[in-house]
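Generate coordinates for the entire structure from the input sequences, incorporating the hints supplied.
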Amino acid sequence: MGRIFRDIAIGILAIAVLAAVPHLIPGKAFQDFVIRCSSMALFATSLNLLVGYTGLSSFGHGLFFGLGTYSFALLMQRTGISLPMAFIATLLINAVTAVAVGAICIRLRLIYFAFVTLAMQMLMHSIIISWVGLTGGDQGLQGGIPRRVVAGIDLGNQYNLYIFAAVVLVIGLLIMRHIVNTSFGTSLRMIRDNEARASFLGIVVWRVKLTVFVLSAVFASVGGIVMSLFVSGAYPELINWPISGDAIFAIVMGGVGSFLGPTVGTMILLLLNDVVTRQTEYYGLALGIIILAFALGLRRGLLDFITERLGGRPAGGIS
Amino acid sequence: MPDIHAAGWGRRTVLAATAALAMPRIARAAANPLKIGIPTILSGPIALLGTSSRGAIQPEIDRINAAGGLLGRQIQPIFRDSKGQPQEAARVARELINTDGCEILLDAEASSGAYAVQEVVRDLGVLCLHSNSETSSLTADPKLRVATAFRCARQGVHDAIVGGAHSAKVATAKKLSKWATCSPDYAFGRDTTAQFLEFLKHFKPDIEVVSQGWPKLGAPDFTEVITKILQAKPQALYSALYAGDLSAFVNQGNVYALFSAMQVFVPAMGDLPVLTAVKSLPAGIQSANRYLPTFPATADNAAWGAAYRKANDNAYPTNWSWENATAMRFIEAAVTKAGSTDGKKAAAALEGMTIDSPFSITGKVTMRAEDHTLIDYAIGWGTTVPKDPFVVDMEPGDWGQIAELEKEWKKTNGYI
Chain S
12 MGRIFRDIAI GILAIAVLAA VPHLIPGKAF QDFVIRCSSM ALFATSLNLL
62 VGYTGLSSFG HGLFFGLGTY SFALLMQRTG ISLPMAFIAT LLINAVTAVA
112 VGAICIRLRL IYFAFVTLAM QMLMHSIIIS WVGLTGGDQG LQGGIPRRVV
162 AGIDLGNQYN LYIFAAVVLV IGLLIMRHIV NTSFGTSLRM IRDNEARASF
212 LGIVVWRVKL TVFVLSAVFA SVGGIVMSLF VSGAYPELIN WPISGDAIFA
262 IVMGGVGSFL GPTVGTMILL LLNDVVTRQT EYYGLALGII ILAFALGLRR
312 GLLDFITERL GGRPAGGIS
Chain X
823 MPDIHAAGWG RRTVLAATAA LAMPRIARAA ANPLKIGIPT ILSGPIALLG
873 TSSRGAIQPE IDRINAAGGL LGRQIQPIFR DSKGQPQEAA RVARELINTD
923 GCEILLDAEA SSGAYAVQEV VRDLGVLCLH SNSETSSLTA DPKLRVATAF
973 RCARQGVHDA IVGGAHSAKV ATAKKLSKWA TCSPDYAFGR DTTAQFLEFL
1023 KHFKPDIEVV SQGWPKLGAP DFTEVITKIL QAKPQALYSA LYAGDLSAFV
1073 NQGNVYALFS AMQVFVPAMG DLPVLTAVKS LPAGIQSANR YLPTFPATAD
1123 NAAWGAAYRK ANDNAYPTNW SWENATAMRF IEAAVTKAGS TDGKKAAAAL
1173 EGMTIDSPFS ITGKVTMRAE DHTLIDYAIG WGTTVPKDPF VVDMEPGDWG
1223 QIAELEKEWK KTNGYI
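Chains S and X supply the protein sequences, listed in that same order. Mapping of the first sequence onto my numbering: residues 12 to 330, in sequence order. Mapping of the second sequence onto my numbering: residues 823 to 1238, in sequence order.
Simulated from the structure, these hints should not be mistaken for laboratory data. Please note: incorrect hints may appear among the correct ones.
What the hints assert, rightly or not - The calculated DSBU-like cross-link candidates involving lysine-lysine, where the alpha carbons are at most 35 Å apart (straight line), are:
id, chain 1, residue 1, chain 2, residue 2
1, X, K1166, X, K996
2, X, K1101, X, K1023
3, X, K1209, X, K1000
4, S, K39, X, K1166
5, X, K1233, X, K1000
6, X, K1101, X, K1166
7, S, K39, X, K996
8, X, K1167, S, K39
9, X, K857, X, K1026
10, X, K991, X, K1209
11, X, K991, X, K1101
12, S, K39, X, K1159
13, X, K1050, X, K1026
14, X, K1233, X, K965
15, X, K857, S, K39
None of these values were measured; they are calculated from a predicted model.
If you want it as structure tokens, here you go:
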């Protein structure tokens, strides 16, 4: 219980600090960065529930991130419901989709699981591209997102959206941290380390796997909602397979074994993107070299490396 | 008027005092450049879009700066690569305004990126000229329109109308009633083809479409679609393929003698990088102009084409090049007229503005006030020949007819 209160206190402190920063730093670049970071960090951390904690390497997690952007943007454009209702409906749509997709995928293991999840994402991407009347096809969903208001606060205002994104990020991370610290989280790690032993101990493996698959999909869709608000629409690139690669890169760079590793990795990835894009057109080359340096130099994510250097063992570390 | 000599001031003192007073202003102008943010695509398979846009924008800015700048301030362009990703285009556009201090956006993005930038402009209220998006709904659909955003590029529906009228004329003369189509399998390819057929049937209702092929974008092998077309034995073929796909299609079509088996209509053929990339350009393909230094056949246009090549290591200008040069000229004229870079003031100045242009048959192009889009630019169809100038016998489209049919099209789509 003490840990929960400590985490909540840290979360509130983080929001307070983030709320104060724009008053100290002029310009809106920091706000933009935090909004994008919030979206991608939720996405990457949700993927790490599968990769780091359960040992399920999904290559198609971007399906739920992208579906989050499309469902939310479509609900806001096509229906008259409020933003909070669209938010909840998006989570439900993603949960139902994840049950269907997960029911097929979680019975597979290792590379088969990875490739079937990727196939599912490519299938959804094809549907989005083909269903021009609903999704706008390859042009994306245009026309902006109307009624961006939560409890009388207009998210069309950049600072309000920034605070909203920060709050959503902190709450999302707190819930996911709570999940991995419960007995359910222990079951996940047991399945990751030895699935047969977990089964012999009475854990219904498929049920636990499906549950975490659905939970991770729901959190990925929250990231998608934040991205949808940021770009004020939804685009096929947000559901295409490279977006899953971005989340995997974030986990690799930040650390698969540390809870905050994917968040740190997201910050590194976005900073690299922003800095390198300002300097050169050869972004891919620069990013490739840096990822190689992480893989060959540190041999693990940054946060895992630091934790081990300090003499600890990453909590979610793969044994 | 006070007598400065009576006050004991010599001529040198006055000059020195004037210079001293003027210096901070001059220094401020140099230190306070007018930054224009230019999100575009500079990497990946369609990097030519960004590089040939940049190749046209920079000489325009150099010209303006050499003449003293805009509102007395030197223009500083900031080009940024969106990698062809709409979410990155939105981020870059925000960054250019919020962080880099750009006062104007010249959005040289492809269509999907342009829609993302449009939403950023809706939020930030800066003056924005989209210079590469040809998708009609960007400015035609009132729901998507933004008060400070304009399109300074050709438009899909304009091309469809002129293409339909010209093709119907050729089809009537040559008695072409059986048609096939071959266009890239994504929204642009399908929409453009449907629009072309709609206007072709408007002018010549008795045509029949006997085969439709939809090769994947970037497909290296067109054998299957070429043999399918040949088997259907059409009298005419329309293709919305473009750039590298188009040159690959023509090269492979030559092997199967496709171009001697039927009359071919390709609107995107008339762009110099494509024309020069084809190994053996067949004679007799009907093509629209994208950018041709010979259309309009004026000294100004030829000189602009030559100057572009000189400034860009002999690279050929593209359709995107003239659109961006025009956008820069509209920015110059609008900001000068408004006396400000403020989004609302500059937009008010730009609405309905007409400027001189080498890219128009009449020598002038207009930014139409009602839907913030470019009109009166050079648009026409001609016939390919294997050697320079590659496309001859250009027939210009009729802007009166374009305006009339565009209005009908807007009504049909519920835009007006």
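Hints, one by one, checked against the model:
Proximity of K1166/X to K996/X is assessed by CA-CA distance (about 52 Å); at most 35 Å being required, the pair is judged violated. Taking the CA atoms of K1101/X and K1023/X, the gap is about 33 Å. The hint holds against a cut of 35 Å. Between K1209/X and K1000/X the CA atoms are separated by roughly 30 Å; this keeps the pair inside 35 Å, and the hint holds. With a C-alpha separation of about 21 Å, the suggested pair K39/S and K1166/X falls inside the 35 Å cut-off, and the hint holds.
For the hint linking K1233/X to K1000/X, the alpha-carbon distance of about 30 Å falls within 35 Å, and the restraint holds. Restraint check for K1101/X and K1166/X: the C-alpha separation of about 49 Å exceeds 35 Å, so the hint is violated. As the CA atoms of K39/S and K996/X are separated by approximately 62 Å, the hinted pair breaks the 35 Å bound. Straight-line distance between C-alpha atoms of K1167/X and K39/S comes to about 24 Å, which keeps the hinted pair within the 35 Å bound.
Our distance criterion of 35 Å between C-alpha atoms is broken by K857/X and K1026/X, whose separation comes to about 50 Å. For the proposed pair K991/X and K1209/X, the alpha carbon gap of about 25 Å is at most 35 Å, so the pair holds. Among the hinted pairs, K991/X with K1101/X is consistent with the structure: their alpha-carbon atoms are about 29 Å apart, no more than 35 Å. Of the pairs offered as hints, the one joining K39/S and K1159/X holds, with about 30 Å between alpha carbons and a cut-off of 35 Å not exceeded.
In summary, the hint linking K1050/X to K1026/X is supported, as the alpha carbons are separated by about 25 Å, within the 35 Å threshold. Between K1233/X and K965/X, the direct Cα distance comes to roughly 14 Å. Compliance with the 35 Å bound is thereby established for this hinted pair. Taking the CA atoms of K857/X and K39/S, the gap is about 17 Å. The hint holds against a cut of 35 Å.
Violated hints, in rising order: 1, 6, 7 and 9; the structure is consistent with all others.
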